[in-house]
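Make a model of the complete structure from these sequences and hints.
When we follow my numbering, the leftmost residue of the sequence shown carries the number 107, and every step to the right adds one.
The hints are simulated quantities; they were obtained by calculation from the structure and are not laboratory data.
Pairwise CB distance ranges, derived in the manner of DEER restraints:
#1 Ser223 - Ser183: 31 to 37 Å
#2 Gly235 - Arg115: 58 to 64 Å
#3 Val199 - Thr177: 20 to 26 Å
#4 Ala180 - Thr246: 25 to 31 Å
#5 Val252 - Ser150: 54 to 60 Å
#6 Ser256 - Lys201: 15 to 21 Å
As the structure is a computational prediction, the values presented were derived from the model and not from experiment.
Note that the Cβ used here is the ideal one computed from N, Cα and C, for glycine as well.
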Amino acid sequence: MNRRSRMLRAAVFVVALVCVTLTGFTGGPVHTDAAWTDSEFTTSDTMTAGKVTAVSNLNCSEGLLGAIDFTWTAPASGGLARSGYRWALVGAVDKAGTLGASAISMSLPRSLLDLGSGIYSLYAVGPGGWESAAATASVTFLTGLVSNCSPLVRSP
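Right, dumping it as structure tokens:
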């Protein structure tokens, strides 16, 4: 084996070693949940995105024995069909639940609550689990008998 042949083999070896080393550092392909799983065909030149319309006029009041009662106006027509509502209370205590599509009120009983403050959020849920923007209220539980709430204004 002559000198030129050895140099060429050494260069190939170094390039291969660098490629293997770099591949090891990048970690290879990364799994992702994002993917297209279905295709649709249309004969139209336009498409329109659907929107789940949010509830309006969220109000709250202190109920009996520290419970907080929420009322709202169901989303106006024009958006995607509503299949229900999802609510969440995040703060001193984290609680969540769902309501039927015809609901226009709910009560958070004292048994679900703890002392402290948090944010109550109400979402209209549409087809496929799509959700509207949240209607929110600030809630505070001072004692087992005293609670306070105040709807928060949503930015457009």
